[in-house]
Amino acid sequence: MTRTYDISEAATGLPMIGAPEPRYDGRMKVTGQAVYAADAPVSGTLHAALVLAPQARGTVSAIDAAAAEAVPGVRLVLSHLNYPSDLEAVPTFATGGTTQASWQGFESPELHFAQQPVALVVADTIQNAREGAKLVSLTVADPAEAPVASIFAEAAPEARDISDVIPNVVAGDVDAALSSAAHVVEARYTTPFQHHNPIELYATTAEWRDGGLIVQCPSQWMTGTRAALATKFGLAVERVRVIAAVTGGGFGSKATVMAHTFLAAQAARMVGRPVKLYLSRHDMWTAGSHRPESSHDLRVGMDAEGRLTALDHAQVQQTSRMDDVPLPGTEMTTRMYGWNAVRGTNALVSTDTNTPGFMRSPAEVPAFFALESAIDELCVASGRDPVEVRLASDSMTEPVEGLPWTSRSLAECLRRGAEVFGWEGRSERPGTRTRDGLLIGHGVASAMYPIYASAAVVDVRLGSDLSVRVSAGAQDIGGGTYNVLTQMAAATLGVPLANVTAELGDSDLAPNGVAGGSRQTASLTGAVKDACEKVIAELAQVATKEDGPLAGADPASATVADGKMSIGDRSVPLQEVVALVPFGVVKMRGSWIPASADPKSIMDLYRRGATSLIGFTTDTHARSSFGANFVEVSVDPVTFEIRVPRMVGAFAAGRILNEMTTRSQLMGGMIWGVGSALHEQTEVDPRAARFVNADLGEYFVPVNADVPEVAVEIVPEEDPHINPLGMKGVGELGITGMAAAIANAVYDATGVRLRDLPIRMEHVLQGMQT
Amino acid sequence: MDPFFYERPTELTRAAARAAEPGAMIYAGGTTMLDLMKHKVYAPERVIDITRLREPGLREIRRDGDLLVLGALVTMHQAAEDATVKAEAPAISESLWLAATQQLRHMATLGGNVLQRTRDPYFRDPSWQAVLTRNDPRDSGEPEGANRLGAVLGTTETFLASYPGDFAQSLAAFGATVEITGPDGARSLPFTDLHVLPADREAPDQVTRLAPGEIITAFRVDLSPATRRSTYIKVRDRSSYAFANASCAAGLAMEGETVADVRLGLGGVATVPWRATAAEEVLRGERPTDDAIKAAAEAAFADARTFHHNAFKVPLGQNTIRRALTVLRDMEG
Ligand SMILES: Cc1cc2nc3c(=O)[nH]c(=O)nc-3n(C[C@H](O)[C@H](O)[C@H](O)COP(=O)(O)OP(=O)(O)OC[C@H]3O[C@@H](n4cnc5c(N)ncnc54)[C@H](O)[C@@H]3O)c2cc1C
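In order, the protein sequences belong to chains L and D. To convert, note that position 140 of the first sequence is 140 in the UniProt record's numbering; the numbers rise steadily by one, no gaps. To convert, note that position 115 of the second sequence is 115 in the UniProt record's numbering; the numbers rise steadily by one, no gaps.
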């Protein structure tokens, strides 16, 4: 089913690039007034602490809790010995469910990863709980085999083909296309384990009340968390309430439901009191997901005219022994340019580490590092300019199924970015540009992030004083969702922005999908528009009644603006109309279901938390946002320190509702890209399969001094095919091209091609010395 | 964190007596202590907070002719900013400036600073002991584990954890002396004798030569042309808030065209604060040409031993020396 929307300013009442309104929750957060899930006081709360198993494999053969139970104030030591056996297993996100991993609590004594929780101690104070946890002693029966720490380990199992889960992408004869190509690059690229580490740590406060369960925990997915808890404990969804009014960062780490939330809820049920469990920074490395290690074998071909012609991309990625989490990187790389022939395959290697998941641009960051680096290598091999090659290979038709892109402004982004950055092409020989004794290199890479959409539901209430409240069981993970909802409602209802408040982060509000995959804002605004239009229709009915102020006029042609309702040349203050409504308020539920989605998807959303994804390609179109990253790096030729003095990103993402929050999202992505390329690596002990630097002191991310200059350019773009407002997502777009842009710039600065992330001084050193 | 007794004496002799009791540890700025207590690496039964000691010398930076005395309770910030330190021994100021963060430098003291422990992750998380059976002391680092940040100098086959601090390298370079007061009175020690090389340890936990109860009261530095023409180069993975992958505190004094005196302290590459005497020997009395500097840098690492992930520290350490000496050579003065 196709549909075209009228996204013009006249139809939507919104400019293509909207006002730069500061974050609605910004002041509250920076002044410490925001109440996060772990902050909310719940009277009578007991505290819990986890006991972790240091081994990655084996079976807990004995637990001695006597000493822990003797600690004053300890109420419960929960472990597989007293864990209920009738709790439901909730499907994982990767299999269409809501949970992070199939390990969901103390169902069995088996160990799946190092630092797996094996007991939970509940006490009257956090100190006593921790003291108790320290005193629990474990006996672990060692497994016959040593754990596998990494997909790169010698002992790692063979990669498993997963084409039954993610179909291979094949178009044309890639081998033939490569053999007739003028230039071919064949190389392997790898990326490491990385962890998201939002500032707000994981925490859960669980309280059972009147047979129902109330859980406060940071979450990107209120409705999904509610559904997961309902399933786990055999409750109707109406009996479960999940609250997290604000989140201190998500980045995918809070998208799915994790075991500690189930553990806290189970403990609260057993002790008959609320239980609060918060995790430490260290625990963040294993309680949730991570970006899996990956490896990419690429063959890329270019013709004699400098056009990219063929791509063969084989992706291998880490997963745990218990779960398969396939991230479809080759689905995107095979569609990026106007290839004549492609083959994209995906495979998994299971290790004895935790189940991976979603970390800002999960599939794109590793896959595009590989593709956009390989293209740079082709440019070097053919002596062509990397911007020109990308422009020459641009295509308005998606190459696999031959679908048109709903909109695609890659070329404009490349041109605009090049202009702002001052791209003058590559210096003839790499390693020849210097400034203040430093080697200077320039790099470019394209960025893309597909457009996902899911059903969205919003309630809008207009009060007698023209105050407006927008409510949704969705989440603002820092992207400015609060803002766009209020801006959208104000524009549609013709009232000042100051009149509008938004309410999110509570599963009792209208059900919604996950705030992830850069889809939430675009989906929700459609629902706000629908709800507001219903409010206007209701008011128009009242106004045009026999005794109404606009009696006799056609309610269908009513419009509102500046606090007035008008039909034809008659108009009346909105407030007078609201006063005529029984009870003096109008409340309407609006929804938006993506055009090609199953209309039943809202029911699914409500019951199961299921988030029907409309992805990348539909029957008629391919859908994505695009951009271009330009980066300058400096490399000290003596100390080999690599820095990024400046970067420019140019992006197009349809209508931009709020220029400031959009810019911030894109900038945050670019800065993260610096970390992803140069700093971030979770090291894993090869013998114990355990993460080593699980601490922000030793796991590096960029500091302010690492990002002196970041410029974000927003390229205007109109897309009438996606949703009623013509909006695309921006949350993940900013990071996707960064790693390759940096690697390419490092090559330009030094002549050293580095294909393994993170790029560190020792790699440049080794390259420059050989 | 385990329960402990906390005491805040006001007199040095009392503090030393209390600190000599079993299970007691000294607490100054607390920036190392609190971390390691939370990580359960340290579990003192008694914490003797020395920040309220009344002896004024502990908080003073004093210049007495060619002698610079830095009290043990002087904060990193105070010393980094001190006009005399900046003019007479810039490497000391720079080594402090480039360390940690503004907040930490305001809390941390010089005495505590030199006694910070390795950042080796296997040391900072005692739960590793359950999975790694080792004969070596806990602060050894892991030859078979993740050891990118490990040392290449002063190692043994099984001990490679690096000493992370910056300030100590300038003290080592300048041949500083440590002033100590213990239950049995006062004594002093060359700074480079304070830390015990892994191979020389009499017991696995003999990290320094301080006896129970001994408190560092001051550091004495002889000022000279080489302290005046000095600098600290710190090479790290990001621009700030990171320990050194390699660092060099260097001082240079010229006599006409040749090197009269040269001082080199190396950080990030050694198990203890490290003075590169062999390298100094190579240069002394020579013209500091690029080649001579290179030869000195190579001499500094002649005995280096590398492990799985840290072989780069040899060329990196050499280049850090080269950078420091080149900067000093090309400096006016
Ligand atoms: C996040 C972080 C980053 C850091 N980065 C750097 C860096 O880049 N470079 C760097 O050099 N350092 C760095 N540090 C280490 C920091 O400089 C030290 O923690 C600090 O200098 C210790 O001083 P303190 O007064 O807080 O010591 P405390 O924590 O109070 O004590 C440290 C140790 O010294 C002992 N002690 C203290 N004073 C005396 C005394 N007078 N006599 C005898 N024993 C004593 C204590 O018993 C303890 O064992 C960093 C620390 C942190 C937490």
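Don't read these hints as lab results, they were simulated from the structure. Treat the hints with caution; some may be incorrect.
[What the hints assert, rightly or not] The calculated lysine-lysine pairs, modelled on DSS-like cross-linking and capped at a C-alpha distance of 27 angstroms, are:
no. : chain 1 : residue 1 : chain 2 : residue 2
1   : L       : 545       : L       : 587
2   : L       : 545       : L       : 534
3   : L       : 600       : L       : 587
4   : D       : 40        : L       : 134
5   : L       : 564       : L       : 534
6   : L       : 134       : D       : 38
Do the hints match the structure? See the list:
Proximity of residue 545(L) to residue 587(L) is assessed by CA-CA distance (about 19 angstroms); at most 27 angstroms being required, the pair is judged to hold. For a cut-off of 27 angstroms, the pair hint linking residue 545(L) to residue 534(L) stands: about 17 angstroms separates their Cα positions. Note on residue 600(L) and residue 587(L): the hinted pairing holds, with a Cα-Cα distance of about 23 angstroms set against a maximum of 27 angstroms. Proximity of residue 40(D) to residue 134(L) is assessed by CA-CA distance (about 10 angstroms); at most 27 angstroms being required, the pair is judged to hold.
A threshold of 27 angstroms between alpha carbons decides the hint, and for residue 564(L) with residue 534(L) the separation of about 16 angstroms falls inside it, so the pair holds. Restraint check: the Cα-Cα separation between residue 134(L) and residue 38(D) comes to about 13 angstroms, which is no more than 27 angstroms; the hinted pair holds.
The structure is consistent with each of the numbered hints, conforming to all of them.
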